[in-house]
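**Student:** Chain order of the listed sequences is V and G.
For what it's worth, this note's numbering labels the leading residue of the first sequence as 1, then goes sequentially.
For what it's worth, this note's numbering labels the leading residue of the second sequence as 643, then goes sequentially.
Rather than coming from a laboratory, the hints here were simulated on the basis of the structure.
Below, simulated BS3-like cross-link-like pairs (lysine-lysine); rule was C-alpha separation at most 30 Å, straight line:
#1 G:K983 x V:K573
#2 V:K25 x V:K156
#3 G:K983 x G:K993
#4 V:K156 x G:K993
#5 G:K993 x V:K25
#6 V:K156 x G:K983
#7 V:K559 x V:K156
#8 V:K559 x V:K573
#9 V:K156 x V:K573
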Amino acid sequence: MMLLAIWLVPLAGAIVNWAFGPQLKRAAGVVGCVALAVPFVATILSWSAATQNAGSAVGMHQALFSWMPGFDFGLLLDPLSLIWALIITGVGFLIHVYSVGYMWNDNAIARFFAYMNFFVFAMLTLVLSDNFVGLLVGWGLVGLASYFLIGFWFFKPTAVAAARKAFVINVVGDVAIMFAIFLMFAKTGSTSFATVFGHVPALGNWLFLVCVFLFIGAAAKSAQIPLHTWLPDAMEGPTPVSALIHAATMVTAGVYLVARCWPLWNASHEAQLLVGTIGGLTALAGALLGIAQWDIKRILAYSTMSQIGYMIMGVGVTAYQAGVAHFFTHAFFKACLFLGAGIVIHELADEQDIRRMGGMRSRAPVAFFAMFASVLAISGFPGFAGFFSKDAVIFGALEHGHPWLYVIGIITAGITAYYMFRLFFVTFFGTYRGDLDPAQVGVMNPSEPAAHEPAHGETHAPAWLMGAPVAILGVFAVIAGYVMIGANSAWNRFFAQTFPSANLAAPAISEGWTTAILFVVMAGGIAIAYVRYATPVALADAPARLRAESQRLPAILVKLFYFDELIDWLFVKPSQALGRFFGSIFDPDVIDGGVRALVGFNTGLGTLVRGAQTGLLRSYALVIVFGAALFAVYYALQGAAR
Amino acid sequence: MVLLLILLPIAAGSVLFALPRGERLWSRVIGCVVAAATFALPLLDPNGGDFSARWLSRPFTASLHFSWSGFSLWLVLLLALCTFCAILATNAAQSRTMVALLLMLEGGMMGVFTARDILAFALFWDLMLIPPFFALIEWAPHRETAWRFLIYNFSGGLTLLLATAAFGILSGSTDVIGGTHQFAGSWAPWIFAGFAFAFAVKTPLWPLHTWMPNTYAELPPPFVAVISAVQSKAGLYGFIVIALPFLRSALVEWRWLLVALALVSLLYGAFVALTQTDTKRIVAYSSLSHLGLIVLAIASANPVAIQGALVYIVAHGLFSAALFLILGYLEEREETRSVLKLGGLGAVNPKLAGAFTIAALAALGLPGLAGFAGELVILTGVFRAGYFWPALIALVPIVLASAYMLRLLQDVINGPQVAALPRRPDLTVIEALAVAPLLAALLLVGIYPHALLAAVMR
Chain V
1 MMLLAIWLVP LAGAIVNWAF GPQLKRAAGV VGCVALAVPF VATILSWSAA
51 TQNAGSAVGM HQALFSWMPG FDFGLLLDPL SLIWALIITG VGFLIHVYSV
101 GYMWNDNAIA RFFAYMNFFV FAMLTLVLSD NFVGLLVGWG LVGLASYFLI
151 GFWFFKPTAV AAARKAFVIN VVGDVAIMFA IFLMFAKTGS TSFATVFGHV
201 PALGNWLFLV CVFLFIGAAA KSAQIPLHTW LPDAMEGPTP VSALIHAATM
251 VTAGVYLVAR CWPLWNASHE AQLLVGTIGG LTALAGALLG IAQWDIKRIL
301 AYSTMSQIGY MIMGVGVTAY QAGVAHFFTH AFFKACLFLG AGIVIHELAD
351 EQDIRRMGGM RSRAPVAFFA MFASVLAISG FPGFAGFFSK DAVIFGALEH
401 GHPWLYVIGI ITAGITAYYM FRLFFVTFFG TYRGDLDPAQ VGVMNPSEPA
451 AHEPAHGETH APAWLMGAPV AILGVFAVIA GYVMIGANSA WNRFFAQTFP
501 SANLAAPAIS EGWTTAILFV VMAGGIAIAY VRYATPVALA DAPARLRAES
551 QRLPAILVKL FYFDELIDWL FVKPSQALGR FFGSIFDPDV IDGGVRALVG
601 FNTGLGTLVR GAQTGLLRSY ALVIVFGAAL FAVYYALQGA AR
Chain G
643 MVLLLILLPI AAGSVLFALP RGERLWSRVI GCVVAAATFA LPLLDPNGGD
693 FSARWLSRPF TASLHFSWSG FSLWLVLLLA LCTFCAILAT NAAQSRTMVA
743 LLLMLEGGMM GVFTARDILA FALFWDLMLI PPFFALIEWA PHRETAWRFL
793 IYNFSGGLTL LLATAAFGIL SGSTDVIGGT HQFAGSWAPW IFAGFAFAFA
843 VKTPLWPLHT WMPNTYAELP PPFVAVISAV QSKAGLYGFI VIALPFLRSA
893 LVEWRWLLVA LALVSLLYGA FVALTQTDTK RIVAYSSLSH LGLIVLAIAS
943 ANPVAIQGAL VYIVAHGLFS AALFLILGYL EEREETRSVL KLGGLGAVNP
993 KLAGAFTIAA LAALGLPGLA GFAGELVILT GVFRAGYFWP ALIALVPIVL
1043 ASAYMLRLLQ DVINGPQVAA LPRRPDLTVI EALAVAPLLA ALLLVGIYPH
1093 ALLAAVMR
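Next comes chain V alone, as it looks inside the complex:
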């Protein structure tokens, strides 16, 4: 019952908001929040049952129904899905509350909450499923929710294009998981986690292939190279959507998938190498691209991509606890960053370019303090949440024998500190630059203001609706890591029965030294950002400096490493060329031309026959069909009489 409540209450909220949207108006927000509060409480109440060893396996399990012969559906709440469910419903609840304020004046607020609740239902389907097909259903449905919410302002062509791009790239991941399911089903005859993971040796030499295809799915959903290009574009959606779906929960589904499939990854060294490497490269690439962005949400998008790279690297090298820990802390500080950015964006009537901000410290103090905590957390400042989890991931890479990933992780940490403090200083320090001529700060194509249709009689939402969630998330951005202190931490004990414990030799560089190195690198990043953007000299000269930086950004970063162009040339353009060739040359000229030549079928013959027919259609139809029916009846009666 408890599991069903966790799973289905958000769906009920979505249906209510969808069906009664026009009547509910702003009350849709209340429905939306309640539909998350209930499963959150239910998840907490299920805590002890989900972490206890009930007979054969850890967690609560409930079989539901047989979807098709051989495909059985059920729900599973074990420590791994418990952590995800807590974040989805808990952080999700805070984001829903915030959304009531953020969408206060949007006419389509009920539609918004219907989609948001639907997303939570889909995400819970993904993490609560006890088998790969159910996971895939959730996988596809979160993609749909993401599509709807990216394209929420569907009159904006950029939003529409971004939604389609996100969906199509995610379908690449969906079909890859589908293929992995074929492989597993063919070898083990089942798609349930328990059976597949109980028969890993049966996969034989297909094991690596299964991992590769599962990881393609993970990479598409979690914006790993080279399937990451949809994520920055997805920032077209309303900011709470970016916080919930494109930062805290959905994009971490790939981390969940790899962690869930740890028996496969543990058995395949090649898969560890592949996933660890892709994760490390994504972390680095995301951070590098984050340097060269001006849109506050796109900076956060690239930082999300980079941080998920860390998580993927962690679970990829089989440091599962560490990878999941980074998911846990990231959910708080990244949601806080996005929601804080949303407050700033709201304050400035939908301006998103940080060059046209400045001095926001006094205009948005809650956002300032919460984001300060979160920026320290994401940079890995000691004592803040990200410090514990990021340290664990980076050290885990070394511990599990991947020194190169260790180096990449440290370099990325320095870059992260730099670009996050760049965002922070440029946004909150100095004086407001929005009233300057855009060109003066280097903005060549200023965006159109006001993304949403202004409603009649706009009123202001109570400030706490947006302030309180940001403040709470800011507090968690500080304290969320405290459960992870020490080798025998609460976190490690929580997962003791879930993940295997590895006996690893102590690496050449100890954990203490790693912390020290990371601190130096991070401090270096912060120092560079400070010198460039926040010294009194730099602040006084900010417009000119920002203009100069805009003009000097390296093309390869501005063009985002040419990934979009590459995909366009490799896949999109050839597909369209093939389609045009088949549709307008091959079909009419080759196939039809061939048939015409073959049977002498030409318009002359057509004209000849048709001359005899015109005008008498209905009678013809009647005669032919009726005649045939009589014929049938005659023989039927004959047969019956005999």
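For chain V, the structure is supplied; the task is to place chain G on it using the hints.
**Tutor:** The following block gives chain G in isolation, referenced to the frame of chain V:
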């Protein structure tokens, strides 16, 4: 009972011609009642409804033998449902003629799907081609379309008849559908070829598909909904109930060709659908792609794949009927089928946009809707049958489907409103009712496809 299924629509269709030409209300009422009756009949007695009468004794025995049990049941129900929805959606000035032809079409196809004798199957096969031909003559802008439809499909009908005759003469009886005995001998490949050609034209399978895009684009929407949803399944049904059980060895021998053509259809249709600009032609080519998947399932001859094929046959029927009806509403309102001219309708016609969204999502295989269930189970079975590469290649069109279906959907309902388009009212109650059952069924089959299989496998 089962004869009623065939004769009632044909008789009602004939009677409708007695109504005055411009009649719009009673023809639709009668049509809906008849279609609803044909839906209800098999539900009242799912296992019964067997009729048999000796038809020929020489040169082989043939019977007028009809039954709706097993696999037929779902096609009969699908046909009745689609006919009902199509008649409900008929709103043209010539609705009397259209409803009459739709009913005759239904009667003919009921014969195909319930026949237990291959000769009766072949007879009704030809009969079911006649109403769409007249519809094309009557309403298609280009008369060549009608003739092309007829020549292609009657060529298939001819090889079907020849193959049936050969089958009957060599094996002694054509009253065999539902049985499983093997037909062997040196003639088997030729007989298989005769059947396969007819089925491949009707489905259609590449490269026999070129009659289809124009036919689907130019037929009135209620007609094309039934044709694409149900009539295209006659070939696949034939493969499953005739070719698979009786000519398995010939099928196995030629399966490489079927697999190859299925894969080409899958990819070719999807690529073309990416670049078409006519809404109905996009869906027509997507149909070529989607049905290639079912041919692939049949060629693999794997039981799991066949189960998936059954689900997908129903799923495709439901979403293609819904899509064509919705595109019909769209064309009626906006007077164009070009996606280049359409846009922004979601804000004006939210109900239309909502229905369109659900149908398009089902077509692109969204998990939770019926299309996904079929695709997943088909390809699981195909893979299990040892077809590693075909199963992998068949995933590409799924990605392409999401691209072309979203392009179609978004170009129509999203983006800024196009000033040049007429602003018409949203779906009427009748129009909404005509697609609602299809959409609801897509959701039901997607969530619990087992119900569908349980009735067939028993």
